[in-house]
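Now for the letters of each chain:
Protein chains: 2
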Amino acid sequence: MQNFMYHIPTKVLFGRGEIRKLGGEIKAYGSKALLVYGGGSIKKIGLYDTIVNILNENEIPFMELGGVDPNPRITSVEEGVKICREKDIDVILPVGGGSVIDCGKLIAAGTRSGSDDIWGIVTGKVPIREVLPVITVLTLAAAGSEMDTSAIISNMETHEKTGPSNPGMRPKAAIMDPEYTFTVSKRQTAAGTADMISHVLEVYFNNNRGAYLQSRFAEAVLKTCVEYGHRAYNTPNDYEARANLMWAGSWAINGLLSKGAPVSWSCHAMEHELSAYYDIVHGEGLAILVPHWLRHMLKEENVWKYVEYGVNVWGIDPSLPEMEIANKAIEATADYFKAMNLPSALREVGIDESKFDIMAERAGKGLEKAFVAMDAGDVKEIYRKSL
Amino acid sequence: MQNFMYHIPTKVLFGRGEIRKLGGEIKAYGSKALLVYGGGSIKKIGLYDTIVNILNENEIPFMELGGVDPNPRITSVEEGVKICREKDIDVILPVGGGSVIDCGKLIAAGTRSGSDDIWGIVTGKVPIREVLPVITVLTLAAAGSEMDTSAIISNMETHEKTGPSNPGMRPKAAIMDPEYTFTVSKRQTAAGTADMISHVLEVYFNNNRGAYLQSRFAEAVLKTCVEYGHRAYNTPNDYEARANLMWAGSWAINGLLSKGAPVSWSCHAMEHELSAYYDIVHGEGLAILVPHWLRHMLKEENVWKYVEYGVNVWGIDPSLPEMEIANKAIEATADYFKAMNLPSALREVGIDESKFDIMAERAGKGLEKAFVAMDAGDVKEIYRKSL
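Line by line, the protein sequences are chains D and Z. So for the first sequence, this note's numbering puts the first residue at 1; every next one is plus one. So for the second sequence, this note's numbering puts the first residue at 1; every next one is plus one.
Rather than coming from a laboratory, the hints here were simulated on the basis of the structure. If a hint is listed, it holds; no wrong ones were tucked in.
Since the list can't tell identical chains apart, any single copy or any two copies may satisfy a pair.
Calculated lysine-lysine pairs in the DSS-like style (CA-CA distance at most 25 Å, straight line): (1) LYS82 with LYS32; (2) LYS172 with LYS11; (3) LYS27 with LYS172; (4) LYS380 with LYS365.
Here chain D stands alone, though its shape is the one from the complex (with noise of 0.2 Å):
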């Protein structure tokens, strides 16, 4: 096991109407909000109108930005900075999901940053200091932007999607009441859950076999995406289901799977190509490239990776030969995919080879230290592969 810092302060409020804390928090934080908010689907279950009442109540001025697209552009962060520099904002509150709070930490980090080149603190040119607090309500299970440390945007005119991570940015508390991803339609549920598979296989796929309680952890975070993705697809209502898909989405990225092994980001890295250059949507990308990732890799010495995940997240047979476990695990994650109406060819979305140069070039930097080490041409290979 390598050594690691971990340092995950976020407080978790879980729970059916536990919006009630909305105030307290935060008022503990700062005094006048910005609220952040998408394409308005939290109007329609009147979570909007909750929020608002709460603020008022607790005499909190806010301003508000809606209107934050999925794969969140530059030019909402930069609206973001704007209002709160013209306003004195001091608290962010982004309602929704990664997009939105994505879009609400980088606003955070923006504010008091001293220099108008927003898209610069994405990219890292622009250091980030100061950041104001953030204060989430979650409404979709995916990203698990809401309780760690990153922000992914993107520039439609560069077709970049990048974005820095700093322990500033992390909520300070996420409220997450799973009845609000009732709503959720089957697409994005699917998406939400291909997301955080990735999110965990991507960090469970390393070479260090001492992290073993990490990768039991890993496993215990796939069972749960596993066990309970197709129920929420199926019954939307159903509250474990969405509770569990909701937990398990943020244990799936705050951190703690990855202290202690080498981490590198290989399809996020190959996914946010994807999206930079055909605005897909992300999990559908992810969906597409896991299976054909994981085949990409399998090697007659890194099998037994693929044993563990295969015995232990997928209950398959240990008796079997190595190969074959492999084999069918990668089966089983293709096939779950599918079950729940996901891509599984990039043509099905709209991709075809023109851009795969540009997109792999870019991607394949930085993997070097992957699970199987990767450049440009595998990822090249990868998309081929994915058509």
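Since chain D is already given, all that's left is putting chain Z on it; use the hints.
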């Protein structure tokens, strides 16, 4: 899944040589430390000198309280509070295992309590208000006190072993270097592993099937104890084994596993009476009680939980009859303890039935919410079978 609040802000610095960061952690919270330790093992392994050097190099004045006993005494806490008050100590630095850390936590809670009734803080009579920050250096994988909110203290005059839980007592930072546990004796390694297993089993055996992720997390910790307990017992200098046990010990009881399901500490309640009257090794008392507790609770209607335990932790063939899986799982647990030469009967640790009535009466309080509701009669029955 029940509603819950999750908030574990302890910063963990894990791995070889992380002690070098101690000075910075202390200075983040205070300017004058109380170094608390036990019987001197930290002097034997050189850790005492290392810490004194760090404190001196960082110009952090400090006082010392050594000689804290296993099953720490209220008298040690009182002594520590006296020193802290007289010398204006503002940060507590326990270096040791759970006993030392628990003693340090109570000193932290007592110093600014405004009361001289320190035992009143332990029993809850005197409320906990301001708690001094606690920074710990862990030298034993067992109690999990390094990341939790509790402290258990013994009063040998009144034969009471009890303690409060308060978020303020959760250590701000914990330095966890597995090498410090290389010299832990076989006996203490075994007892520590039994303590960890008991922590997990007591929350894992609950009636909420819907807290699925938590049950899988619990199995991850249990599998880690099973994998590495014997290994650390047999090869004390095995870093991987010591590291996994140390990290598992923190997660066994830091709170994650018990979120979302009803919790009732039953074996610990029963064992605390044994320690309070006979001053036995805590983990040895648990190793005796746990198998009998599991046998006592087993019924047709709750066998499903034993099946989960047997199949997922012990790898027992799921096609066997359920009751057979359950009994095999209990025997596997008992055998696991025996293989580390842990006692399996109360007589082995000098306990007869003379105090069963008073101990059962005390331990039986509050067990009506256990996996199987229990009272003093049940506890006495378990004590009897454990003779």
